[in-house]
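Whenever a hint applies, use it, and build me the whole structure from the sequences.
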Amino acid sequence: MTRTVPGVWGRDIAELLAPQGPRRHPLDGFDADYSDIVDYIIRCTHRIWEEKDLGLIETHYAGDCPIWLLSGPAAGVRGVIDGTTRTLAAFPDRTLMGDAVIWSGDADAGYLSSHRILSTATNLGAGEFGPATGRQVAFWTIADCLCRQNLIVEEWLVRDNSAIALQLGLSPRTIAEGQALADTPDSPARRWWASEIARVRATAATPFPDAPVPEPAQDPQAFVHWFADTLVTHRRLGHIRKAYAPAARQFAPGGRTHVGHGEILGWWAAFLGSLGGARITIDHVAHQPLSDDPADGLDIALRWTLAGTHDGPALYGPPTGRDALVLGVTHWQVARGQIVREWTVFDEIALLRQLAASRP
Amino acid sequence: MTGLAEALRAAIEDGDLAAFGAHLLQRARLEDGLAQHAGRPAILAWLNRLAGAFDQPRLHSVRELDGAGLVVVDCRIEGHVGAVPGFGALAAPLLSSLELRLWARLEGRLAVELAVIADWSQILRPAGHDVAGAAAELGAASPCHRPLGELASGLGQLGTDPAEDGWVADFNARRPMASDMLRQQVRQLLTQMPDARLLPEATLSTGDGQLHLLRLMGHVNGRRVSLPASKVVGGEWDLGGGEPLRFDSLALAATADRPFFPA
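Chains as they are written, first to last, in our numbering: chain A, 1 to 360; chain B, 361 to 623.
Hints in this document: simulated from the structure, not taken from any laboratory. Predicted model only: the values in this text are computed from it and were never measured. From the three backbone atoms N, C-alpha and C, an ideal C-beta is built for every residue, glycine too. Each statement offered as a hint is correct.
Reference excerpt, derived from the structure (chain B facing chain A, CB under 10 Å, subset only):
1) R387
2) R389
3) E391
4) G429
5) V472
6) H505
7) E510
Counterexamples of contact, computed for chain B against chain A with all Cβ distances above 10 Å:
8) T362
9) D392
10) H420
11) G427
12) E459
13) S481
14) Q482
15) A496
16) S565
17) D568
18) N581
19) G595
This is the structure in structure tokens:
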């Protein structure tokens, strides 16, 4: 069955940026040359970032658009333009290759896109990572955007900043500690971390899960919640062998690539082992078929928030006892009932900054 | 046939990189030993460096197989080599050959993930180059994360998975290999990496045989080895005597010298 809105799968950039023809989505209030929400995301990203028309941010972001980043929330068009300009100064040749756009919603409620981006860039200018190094980097970003009438009205942005730092020859921890020196007890970031941690910890406990694995193609929402409850909340990590294909590939923060159950389970164990008592909320789920052929499988996007106590040394250094928050987005490609590819993206530098924060 | 083999030939012999690029998505990624190349431009640059090592390179024994969203191209590149990319000049230009096997996972008709299995020690060693030194240099320039997790998930004391079968199961269970050549190769591999394990990633039928894409995993000097590997088992692609397990032995040797990323 031909999908109404084709995704990115199998389509090269020349095809994606060519005029897409008549509208495939109701897009009231959107610029006339956008055909559907995938086209809007791919095309405006290219225009703003690669064609360097940063001013288009004014016509593509709501004036008071909140941007949720683990490093601290931001708001407003000016902040987006300034941040984009600074990043371009540091990485002027940055490419943003759309690897997937997993969308949900409609014209009334708004379209929520989860845009997975593979970027390459050369560090030719000074920026948030320090002086220019001249090195080339490649990293994953996922941008979740709520879009109405040509405007992004809310955004959640996760970028693998620790991968960038490591490829630049830098220490993510050192960068985080430098950032933490500027934090004050009542900074917007610290207040938001505290409120989010409280929100996550207030979610009701669940009973011991012993239900069969939901078939992800039939009920992606159920599969996502089964994963979060069974593996993450209740630490039934052996169920990774049910959830993932034997040679599944996981792209994890820090530019890590893991292959197979052993390594993937190892990463989840290390992550959860670093943040004791970790609780997770699933804040949004979207899913789309990969292609017109059901046998190719499904794209699933889940945005999540995790709160725990840094009481283990596995990934983030000697235990500090501090509360920690993670805003993350995970994308799964699912086929034959199992995850075959996973991208989990969150900002480890922002996490390390929380652990380095000075006590009030 | 997808035409990928012909495109590879055109790129290497004629310098027509665009012909190969036309088979890639812009966001394609290529794994070659310890290196990862992201995006079509980076992959074409890698291919140019590969071809550029040879004076008037020619491809021989070119074969292509496709199915189940995968394409495999197998070939031998021959030509005089004066310098090997990343390892410097040879003592003197040498007529050399490099066996190359390229696996590509497709989205539709375009490649999105590629794995190259090529072992430059095939050229460095006959040229009298310091292979151990070359491996150490490669490793030192390739920092890595500390290993996470176990090699064989959830087996514990069982050690081997009773559900595994075939040649890979024989290797993982340390059962004897069918030929002297394979026995010798496995013995050398297990000496270098005693906990070596193969993880099947994909299999294509060659008619009356199988072509496997595998992942060679284990630990060397406390560093995790995770390298693409490949093997033909029987059938028309097996040139007689049994094909050895193909992997980048230089990358394996280099792993021991990889520094860890800062904690």
